[in-house]
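These protein sequences, in sequence, are chains D and F.
Going left to right, the first sequence walks through residues 1 to 312 as our numbering numbers them.
Going left to right, the second sequence walks through residues 1 to 325 as our numbering numbers them.
For the record, the hints were derived by calculation from the structure and aren't laboratory data.
Using N, Cα and C, we set each Cβ at its ideal position, and we do this for glycine too.
Please note: incorrect hints may appear among the correct ones.
[To be verified] If we take Cβ atoms under 10 angstroms as the criterion, some of the chain D residues that face chain F in the derived model are:
#, residue
1, Arg73
2, Glu93
3, Ser101
4, Tyr283
[Unchecked claim] Okay, the calculated beta carbon distance ranges per label pair:
#, chain 1, residue 1, chain 2, residue 2, range
5, F, Leu278, D, Glu3, 32 to 40 angstroms
6, F, Val271, D, Lys26, 53 to 61 angstroms
7, F, Leu154, D, Asp108, 38 to 46 angstroms
8, F, Ile197, D, Asp150, 58 to 66 angstroms
9, F, Ile178, D, Ser134, 27 to 35 angstroms
10, D, Lys26, F, Val29, 34 to 42 angstroms
11, F, Thr125, D, Glu3, 30 to 38 angstroms
12, F, Val29, D, Ser25, 52 to 60 angstroms
13, D, Ser132, F, Val29, 47 to 55 angstroms
14, D, Glu71, F, Leu157, 45 to 53 angstroms
15, F, Gln106, D, Ser25, 20 to 28 angstroms
16, D, Asn6, F, Thr125, 37 to 45 angstroms
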Amino acid sequence: MIEIRNLTKTYGGFEALKSVNISISKGTVFGFVGPNGAGKSTTMSILATLLLPTSGTASVGGFEVTEQPHEVRKRIGYMPDFFGVYDQFRTTEYLHFYGASYGIPRPDREKLIPQLLDLVNLSDKRDAYVDSLSRGMKQRLCLARCLVHDPDVLILDEPASGLDPRARIEMREILKELKLMGKTIIISSHILPELAEMVDEIGVIEHGEMVAQGKVADIQNRLRVKRVLHIRVMDRGDELAAMLRDERHVSQVLSDETGVHVHFGGGDAEQAQLLNKVIGAGYGVVSFHEAQTNLEDVFLEITKGGAADGLA
Amino acid sequence: MDWRRVLINPVMDKEFRLRMRTSRSAVTVFAYVLVMGLLAMGIIYVMMSSGAGLSGRIDPSTSRVMFYALSIAQLVLIAFMTPALTAGVISGEREKQTLNMLLTTQQSSSTIILSKLVSSLSFMTLVILATLPVYSIAFLYGGVAPKQLIFVFLFYLFIMLLLGSLGVLFSTLFKRTIVAVIMTYGVGLVIFLLTGIIYLLAMGVVQANYYAAGTVTAPDYSWVGFILGLNPAGALISIFEPSFSDSVFLTRWSSQQAGAPIQLWQQFLLVYSVVIVLALWLAIRYIRPVRRTRVKKRLQTDWEPQEQEQEQEQEHEHGRQRNKQ
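So that you can see chain F by itself, here it is in the shape it has in the complex (with noise of 0.2 angstroms):
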């Protein structure tokens, strides 16, 4: 069996080639590395200046600190760069007129989405992957088990699937790529910044209601702790720190006998899960306006904006225009 073909096929093929045949993508890696080389010489620093290193040597829990503090950073580069990699992969060949000719041909739906999300997600691990030396700068001051490395880099495969499948989802639904890009630039933040925010908001209303209320009978934990299990950086914390899950539930600090329902990044992995499945399959059924049978296409009639078609027509008139001029 050819296993080339089976694994790779032809869209695949493609974003591959022309991925890696643009500088851009050499610079991409090169500057990435940079600037989390930049902010690791920076950690260390700040460590060596701050007392830590003023005995001479940095310990392994100082060595730790600086592990979550570049794997926090790292996961704030991803959810910048995913969307950029990946908010115009549909939006993009309809911009150059090239995805009307990728969809008169044999190429179903799933595999040109598919494929070209993987395309762009390998890209971005091989960049996450050329990070892995900076990281061996914590490794030598030790603290770290492999396992913890393991983990967090599966976490961000997770991060770069959720932020990647919206970016193709909105690739799919908006024309204009900058729309797309914003769009899931927007939605990031929504993960990344609100669930945060609304969560110490949250907390801080509950446990000053408890606290009002003065009485010591008051439930142990509360679910106001769900909300961060959809924060990145809860669920990222919870995997360095299977203690940090429990200490989000409670209203009481002092109180340690409630645990957590449930691991934050578990929450996380459950929920997003399904918002990735969703996304791709909305952009699988959205990218060709004509499927199979008649019952997809009431519901896509239904659904489809008309005023969509309108811009594309009127698009295909100015394109007339320009070419004219």
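Bound conformation, chain D alone (with noise of 0.2 angstroms):
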């Protein structure tokens, strides 16, 4: 449904996409990570045809962003990370504008709008002036308005930043709504956690360069070679984290009141010697397990770090 070769794009001497490669079929939802200024607006905009890339192609549903634009337009429900809405509209009047400007009919436009105003719990606002909406509600009425024409593709630039908590949820549980309807979305964020459970596949972008990219439990896979393992003894943790740092396998070792963190760089079998080596040695362990790493681990691990301003 996406296709995305060697795209580049450069601002004078700066060089904001390099080579970028991505290839996304129908009906996945794609999480887009990385840090601020990575990269991933500009993809986005590209793809949205807003922005001409420097060089290499993109293109929605077969048709070339730079080629077809007016075609891929149709294809694709494009939400800003920054937008405006027309104040003075009120919430259904907005729509229609929309609506209209997609070459909708009225009569379908009636039918339509109420339903998505459904969608985005926003039937008690049909009638409120977007002025009064909050913040949220202004989001979700932003993502009925990408919906109006219903879309194949959705682009959606961190839906979710500046929203509460609450209001993260909500936008969350639209999201899953809209995968469970086949549409094809590509998602950038920086709340990983959250995108975890619904993103199928993830691709991490870091000053313009796609770092990595697939499944998100490949990914996830991938990274284990490097697991963290929690050990809670019933005493001598000090004594304990002395004896691992002198193990195989074992990179760092952290101890503290929740017990010892070994970072571990073997595999299941060396684990399991490792447990028999440390109750052995007269340890009465309470718990032995590997911690789970979500996704802001493995964005973590790829960025190296470097882009832990990036999870605020």
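Got two chains here, separate frames each, mind docking them using the hints?
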């Protein structure tokens, strides 16, 4: 559905995108992650026909964005990370305007708009002026606007940015519904843990380059070579930490009141051996388990922590 | 056929609705008519106290002068109002962060540009039509033909179209409304003031040369008249008094043999029609970075300053920072 080949974008001497390749099949939810200024918004703007690439190609539904932008626009619903609304419009008028701008006849819009408002939980605000809506509501209204022409592809640039936790959850629920509707969604976000349960694939971009891409589980597995083991013992935690530092496959050991945290480079067999050794040394092991890596860890691991500020 | 749909597209519909929903529009009309009314009263007062009214009546020729004065004043007001109304139509959407969403709809670039221009000019037309009662004061005393009034109003429409097209062009090219407004006023100033000053200077030089030469065989008219043909006031006066065009080309005031090669208002319409078409064409071309064919794309990448995109990216980052705070 979305094909990006060797996409490059330069601003003067600065390379915002360096030969980016992304392929997203129909019905996939693609999580696009990366720190601020990594090139996410640039890529999305190019896909939305708002920016010309310096070189390379990008296509949506088989239509090249620079060759047939009109066809591309029919197929995408684009939500920018920062957007304004026409404050003097009522909610329904706002959607009528965009519906009409996509050439949808008025009788069809009359049926469609209540459904859209229902989908984004704004039915009770149908006659409210857009100006009076909260930020979360405006965000949901903008999402409804993206859906007004029933596009196959949704390009959502940080749809949950600046929202409070409750509004984020509401947004996430709507996105899940859209996924069930079979939409192809490319979504960039800073709220990685919330993305994890709904995205099928992720692409990590840093300094304009794709540093990792694939199914969420595959990427997590790939990173499991550096698993973190949490060991809780009855007592002598510091002693255990000192002992483990000399063990093979152990790269780092941290000890605190919650237990000993071991960065371990070995596989399952080596992990079992390590447990035997700890028990053999007479420590009272309360728990011995591998820490769950979530999308946030994946992101930090891939971007080597240099992007930590992007997680705020 | 649904004529409403044909004549009013979604962008125009939006512009009309939003413009008329603000109290600013009503205040603008009121303020404008008030200024025109006060001007008319002022002119009557001056006439009454300067002799014309001493006999207790205003004759048609005095009334005509009043009509001219009002028309010129209206022209100046239009020159002030039109850039303010049009130079923010695209950059304003950009600043409100609604432009990108509008550009990803199915509305064509020409629809967006022309609809915004037409809606702004419609409002301006409403303002001008609201001043008609003020003109009726001049009619009260006679001396002005309705045909003249219609011509003057058509000329206003053209001036609004000219300044409006330039406003929309600058609004498309410049990211900030304030820059677009300043640029439009700047070009307006050149059209309204500089052309007049250059004409006066050039005419002065030409006449001085001929008189200095002391010959009687000097040509009766000079090309410098064409400069005044670029000035709206010159063109407007030539509509009132057709003989005015002849006189501006003359180098020797005593000679009345040679006529003007072209009426000033005709030259004005011809020259600025080209400017209007060019301005709108450029605005339509540059509102969207991505256009349909490769050929156009190459042209665009050659022309468009990359700094503008870079600024956009920086602005994007600033917006992010603001949002975080």
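- Query: Can you name, in rising order, the numbers of the hints this structure does not satisfy?
  - Reply: Hints 4, 10, 11, 13, 14, 16 are the ones this structure does not satisfy, whereas the remaining hints hold.
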